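J.: Required output: the full structure, derived from the provided sequences and hints.
Residue numbers (the numbering used here), protein chains in the order written: chain A, 7 to 62; chain B, 1276 to 1718.
Calculated from the structure, these hints are not laboratory results.
The calculated label-pair distances, taken between Cβ atoms and stated as ranges, are:
1) Val21(A) to Glu1635(B): 46 to 52 Å
2) Ile28(A) to Gly1386(B): 31 to 37 Å
3) Pro1589(B) to Ile28(A): 46 to 52 Å
4) Glu1421(B) to Val21(A): 35 to 41 Å
5) His1674(B) to Ile28(A): 49 to 55 Å
6) Glu1421(B) to Arg17(A): 28 to 34 Å
Since the model is a prediction, treat every value here as computed from it, not as a measurement.
Virtual Cβ for every residue (Gly too), placed ideally from N, Cα, C.
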Amino acid sequence: MTHRIVATAVRLVLVAFVAAAIAFALVVRSPGATDGAWPATHRNFGAGTCVTCHER
Amino acid sequence: MNLLLRGIFWFGLYVFLVAFPLLVGAVSVPQSGSPSLVVDLADGLGYLALSMLALEMALVSRMDEAAGAFGLDALLQFHREAGVAALLLVLAHVVLLLATRGYPLAMLGPGPGVPWPIRVGTLSAACTAAVVLVSLGRRRIHLRYETWQLLHGILAVAVVALGALHVAALGRFAASTPMRVVGALYLALFLGVLLRYRVLRPLLLLRRPWVVESNRAERGNARTLTLRPSGHPGFSFQPGQFCWLNMGRTPFHLEQHPISMSSSGEVPPAGAVSFTIRDLGDWSGTVVPALRPGDRVWVDGPYGVFSPDREEGPGYVLVGGGVGVTPLVSMVETLADRDDRRPVLLFHGAHTEDELTLAERLAELRTRLDLTVVPVLERPPQGWTGEVGLIDGDLIRRHLPHNHRRFQYFVCGPAPLMDAMEQVLPALGIPAGRIHAERFDMV
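T.: Now the structure itself:
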């Protein structure tokens, strides 16, 4: 019985966390930003550093 | 606080600790600056995955407070399944970032142009996959338990360390001051758990050695180790509980095994405690048989909530398969020592008569309490008049007393027996709250 309860609890937690991540994305999204905000040559992910050329 | 409230508290704390960094991120960085909702979703999943992975060790670090609420075997199962869930979140994080074309596929490779923060993130994800897959497939790939234990520990630390580096260097949200504070707190929590689990606890055990008093062969290719405390009063325990046995030169030795006590819980605090261990072809077949009286052993425990001391009832039904009978024998021993007159019905399953571990001990105990033992053999010898086959619903029903619904049920054995009993006992009308199970192959 415990085995099933634990398995169910983990599934519920996983669903809840995915829902939390979706809510997070909706809250922090930047409506003004577009795909063009990051030029193809500069992928400005992460602390302002371009992951392709390391330029800040 | 009762067990249910304690369980709710610890479960709630776990969910809060996993989700808290996300909450702080959303508050401290209200605008991500990302052009894509999917990128933000991927980031959110990444933060959740890292929090879950950082808390994985805490789940199995033998915190008495949490283990007392759920039972260590339930926590181990949660740890295992939460690890799989965290891996799914990690994979979703990677796939979503690739799908938005924010990162080219080559970023996952070993190419020279890949920035180091992404390289360590990829390595962390690979270690997560390795630790989960190796753990799930350990038996299938015939990996020795001891090797797996070492590998698991190293990979787990690598997962969290590399993941934390990845987030600290790359995470857009991690750059904010509140997130840096949260990151530092979680790192301190992780290191604190690691320190407590791998340094402080062994240091305490170092002052509490045990020595082998006897090492006796039993039926079913098992051995009963009787240990006595050396220079300290030992401990009292509830029948059905278990300890982690470590036979290294010091308690810092990484290899340790969860073993149920098979002796009575009514021993004096300074008395000896017995453990019955079946030879499974690993440590149990090499190190255990070689132990001689006077040899030193480190005993961490007792742990577990699988005990009649926590469940009052007018009688007990015990179902044990193979060496899973060990904690049940401890229960019967204890009830006998307490002159308990309540009826006890014990189903003892094994392949052959020679594998009925501790059968002689149970036969002796029948004279001291209202105990009925039902041995069930898959391959009975000629002339066997007892039960034959597997323990199933029909077999159990034939032996149950009329007031069986009010009894407490304890089941311990290999996975197929446990899975079967999860179906059979409720079908016999036994309320879920009176069915207690412990899987001895929990690690």
